[in-house]
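Colleague: For the sequence shown, our numbering begins at 2 and goes up steadily by one.
Careful, some of the hints might be misleading.
[What the hints assert, rightly or not] Here are the simulated lysine-lysine pairs, DSSO-like style, with alpha carbons at most 30 Å apart:
#1 251 with 228
#2 151 with 244
#3 111 with 244
#4 244 with 228
#5 331 with 251
#6 331 with 254
#7 111 with 331
#8 331 with 151
#9 151 with 228
#10 111 with 228
#11 331 with 228
#12 151 with 251
#13 251 with 111
Derived from the structure by calculation, the hints contain no laboratory data.
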Amino acid sequence: MEQIKKLSNLMVQNRALVLTSVSISAALLLLSWWVSPESRSPWLSNVLTCIGVTLLLAIPVTVIANAMDSRLADVDTKTDRAQSTANHASEVAAEANRSLQQIEDMLVEKQLREHEDHLGVYRRLIDSPSRETLLTALHRAIDEGFASDKFLLSEIWETPLYCRFSADFEHDVLDVDLVTLDGTLHATHQWEPEEDTASFLERLLISVRATGHGLGVGLDLPTLPLKHLADTLITAARLTAQKLNPVGEKLDKIIMMNRTYTDIDVETLEGVWFFTETDLVPADHVYPISYMELLAGPSLEEHIQRTRGHWLGIDQALNEARVLAGLLLKT
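My request is simple: use the sequences and hints to build the entire structure.
Modeller: Here it is as structure tokens:
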């Protein structure tokens with residue numbers, strides 16, 4: 002049935018050829034019949050009859066030949082389509098594999114971007130310092146659990162003094178006191194909402210010089226406490242952002258980070274120490290030192306060096322931790 006339909010279609014497609022051939026053949030046959038055998042040209046009737054019959058026979062031959070050509074063309078078309086489909090399937094499979102990797106890269110990049118935006122709360126202490134940005138950074142760090150809600154300490158350039166930051170978020174109170182590590186209070190400052198950053202830091206500088214710890218003209222840098230605090234919060238936030246980070250899981254209720262006189266190497270964090278409410282935590286090792294262990298005896302340094310090797314800055318960190326531990330026991 003399918004073949005008959007195709008043949009019929011071809012007949013339709015070749016209608017002009019068929020009609021022309023039939024017309025010519027019929028005319029020739031009629032002419033051959035009209036010519037009398039007794040005429041002067043008897044051979045003419047035979048010639049015309051042969052030509053007419055030949056044309057009539059040529060019609061199905063032509064149609065069949067066209068049918069064969071059409072079928073061959075269909076085969077070629079189907080072959081091309083099959084090859085195209087196979088190629089497309091291969092491309093789709095390859096694209097699927099690439100897409101999975103691309104999706105993974107896209108999602109990881111998005112997470113990193115979001116985390117960098119998250120760290121922007123702490124970076125604004127450097128880029129656009131203000132009372133508001135300071136309160137926001139403290140609030141975020143305390144809410145996330147890695148900063149102490151008692152107070153945070155930040156070094157005041159190369160002096161024995163620290164800025165002690167504490168806030169009452171409910172009543173919009175921000176205190177920045179000058180203290181030594183043992184808790185001795187040298188000056189109290191409350192940063193009022195209407196006071197701009199430059200005025201407050203200048204007031205802080207005057208207080209430092211009043212204690213006798215100023216370094217001289219051009220050497221006192223009252224912006225450093227905010228920068229050091231920002232570095233502390235950014236570094237801690239990076240470490241605590243991944244649950245599988247062995248150091249990050251030890252960082253709970255940080256009070257301060259040790260003094261660093263060079264930019265922090267975020268890859269190794271060598272020589273960086275965190276002081277929490279209960280432990281001294283080296284950022285480049287997974288072994289925290291509890292304050293209780295530290296206060297138990299003076300031989301801890303020898304024990305650490307014997308069992309775990311020498312850690313950069315450990316002597317200073319242990320001394321500062323003992324002083325801070327003594328202060329925390331009183332509060």
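Colleague: Could you run down the list of hints and mark each one as holding or not?
Modeller: Tested hints:
Of the supplied pair hints, the one linking residue 251 and residue 228 holds, its CA atoms being roughly 24 Å apart against a limit of 30 Å. The straight-line distance between the Cα atoms of residue 151 and residue 244 is roughly 25 Å, inside the 30 Å bound, and the hint therefore holds. A distance of roughly 18 Å separates the Cα atoms of residue 111 and residue 244; the hinted pair therefore holds under the 30 Å criterion. This hinted pair checks out: residue 244 and residue 228 have alpha carbons roughly 27 Å apart, not beyond 30 Å.
The suggested pairing of residue 331 with residue 251 holds, with an alpha-carbon distance near 23 Å, which does not exceed 30 Å. As the CA atoms of residue 331 and residue 254 are separated by approximately 17 Å, the hinted pair is consistent with the 30 Å bound. Pair hint residue 111 plus residue 331 does not hold up; C-alpha atoms about 45 Å apart against a cutoff of 30 Å. The suggested pairing of residue 331 with residue 151 holds, with an alpha-carbon distance near 13 Å, which does not exceed 30 Å.
For the hint linking residue 151 to residue 228, the alpha-carbon distance of about 20 Å falls within 30 Å, and the restraint holds. Pair hint residue 111 plus residue 228 holds up; C-alpha atoms about 27 Å apart against a cutoff of 30 Å. Between residue 331 and residue 228, the direct Cα distance comes to roughly 29 Å. Compliance with the 30 Å bound is thereby established for this hinted pair. The straight-line distance between the Cα atoms of residue 151 and residue 251 is roughly 18 Å, inside the 30 Å bound, and the hint therefore holds.
Distance check on the hinted pair: residue 251 and residue 111 sit about 27 Å apart at the alpha-carbon level, within 30 Å; holds.
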